[in-house]
Amino acid sequence: MPITTTRRQLLAGSAAALALPAFARAQGAIKPRLTAISQWSAGSDGAAITALGKKFEEKGGVWQHSPVPGFTTEMMNKLRAQIMAGDPPACSQLKGPEIAAWSKIAPTVDLDAVVAAAGYEKVIAPDLAKLHKPRGKWIALPLQIYSTNMLFLSKRAMDKAKADKIPVTWADFNDLAEKMKAGGVPYPIANGGTRPDDGQKFEAALAGISPTAYRAALMNLDKKALEGPETKAAFVQVRKIADWMDPNVGAQHFSTNLKRFVDGDMGMMIMGGWAQGVLRNAGFKFEDFIIAPGPSDNSKPVFLLNADAFIFWQRKEPDLQAGQKLMAQLVMDPAIQTMYSQITGSIPVRTDVDLSGEGWSDGQRRTAAALKEAIASNQAVLSLAHNMAQENGMTAAIIDVITEYVKNKTIKPEQAVTRLAEAVEGAR
Amino acid sequence: MTIAIPTRPGRSAVSDVVRRLPEYLTIWVPLLLSAAHLIAFSLWTIWISFTPSTLVPVSGWVGLRNYSSVAASRNWQIALDNLLLFGIAFVLLSLATGLILAILLDQRIRGENLLRSIFLYPLAVSFVVTGTVWSWLLNPGLGVQKLVRDLGWTSFRFDWLIDRDMAIWTIVIAAIWQSSGFAMALFLAGLRSVDADLIKAAQIDGAGPIRMYRRVILPTLWPITITVIVIQLQFAISTFDLVRALTNGGPGIATQLPALVVYDLMFQRSLLGRGAAAAVLMLLILLAVLLPYAGWRYVQRRRAIHA
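Heads up: the sequence lines are chains A and B, in that order. Position 23 of the first sequence, counting from 1, maps to 71 under our numbering, and the rest follow consecutively. Position 242 of the second sequence, counting from 1, maps to 827 under our numbering, and the rest follow consecutively.
Excised from the complex, chain A in its bound form:
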């Protein structure tokens, strides 16, 4: 059909098009809209936030998510630029002490009313709640929890070592690594070579040796604890771990070696719960690996908390404000948290979600149980390597020492302890 348009028709058409939004607005309620930025662009993370966006749209909202792929810091650079330009997103990913730090540079939304209406505060860990209401008011909402010190065991490597017991303490862990080595597993530890990877080995070691010392040293930066015997013991344990790792990984991401891990060429992996999502997304089965809480010398689970969260930035537009409210309600919704965690492999922030049903893995059930137990015995601490314990500058200064220690085997544990205390002093 030939298209013939007269100038008059065109004018009438565009006038109608211009009038339409105003007409829709006049019709009734505002259509909620949300501008959001996060680093979650691909893999299970990308799939999860896309699913969240779908739910948002089902509720009649307009979902405008712009992912910034890469490390969290890259997302932060975009956020900084938008805040400085006076155009913050209605909602952005941000977590840990950074929530408090960033909330000082731009006005945030007071979420107290919507949080109270949902009765949310009663069902989440108190330490976690504190991070999201830095000055007594809720300005951010946690979305999902990971433990950064989960222990992943390769079934095939366990078979090679003729072992079937999940290690509980660091001594058990070291025994199993030796057995694996003897049983023909070339590298008992699977790992990547990135800075957070090295940091995770250290925090898992220290928290497993003594959660009290961890809290004092890495959360409260107490000089005596930083130089204390537990810190030194943690460095000794990290050196053992480093000796069992494949030195050739260079600066690779941990996911590069997952196939070797599943094949039994690498035995154990100390990694956050997100590795489950990555393994599943790469096509591996639950039968290929076991997930358990990281080693703990007092046998009670130690939980290194890492929680992703959304912070809400003040906007004047009524549709964005409506979108923020809808988003907050969704994030707190147990059904949404279930959907999200089942995709990414995390556990829900709410402690009242039942994980016995289908769609949850044993690892996730164990993680959730560990969290409950760790909270009860005061052994849930905040992860350093994943920016939950300290602001970025301090974290980076501490990880400098750790990553150098992991890569440079001539540094003695005593020296590492001194350097750690100095680095903390220098970054204050």
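By construction, these hints were calculated from the structure, which means they are not laboratory data. For clarity, every value in this text was computed on a predicted model and none was experimentally measured. Some clues are possibly wrong.
To be verified - As a list, the in silico BS3-like pairs of lysine-lysine whose alpha-carbon atoms are at most 25 Å apart:
id, chain 1, residue 1, chain 2, residue 2
1, A, 229, B, 731
2, B, 731, A, 457
3, A, 307, B, 785
Got chain A sorted already, so can you dock chain B onto it with the hints?
Relative to chain A, chain B alone:
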């Protein structure tokens, strides 16, 4: 270059300006804009380096505190040591490789165009690509070491990438691969512009090829050599993407370079003030290279005018 346009009687200077307006606009507007950008942001960075800025720029005055804490940090000290080593090794080796390639290509060989393109090609590849490709090639478990071992030489070792003392040399290797073609192109142009009479005269005097290069041709190349050195040095000082893709400063922090430290401070640690101080220090290092070069150029030009 200025073109003298004879002004005909009856044409005013104003109409002349109007006629040449497009020329002025195309040259001066972008030039002024970019100069303003460069100067304004440099001044801004210098200002920030004296403030207590962290997450976002703030006003205030902390004197040289940012500078002293950057200079005292282990990262910066390692970065400076690495820069010295990397700068010297990279410039000398890429100069040597470029010169040898240029001399070999200058032998009126067949397929020169093809070879020249091949040697120049790495320059067209982004540093991130170069870094990533070399990070796989140099990885002992995947690349050259594995290949040689699989061929039968099982004790072969080439693990510089994960050796913290040698890792900086992997960056030298990748950087030379990337940019010796550039040195080659400049040298080749220089070799081709040597006066043919000079070469004839040397031949008549009975000079052999080695002697001819050493005594006649190479001495005419030294202005080009200095240009190549300066360009490569400023590249070395501002190297960022190559290291980031190849070693990301590792193993540990063994291959830090100043640009990495600046990025790390500003964007990963959110310490804008300290990052700006490190950036200003980098600028000073660059000026230490560029100012003598500018001075040398000035002297050369004066000499040429007076000669």
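Each hint, compared with the structure:
| no. | hint | result |
| --- | --- | --- |
| 1 | A:229 x B:731 | holds, 22 Å |
| 2 | B:731 x A:457 | holds, 24 Å |
| 3 | A:307 x B:785 | violated, 66 Å |
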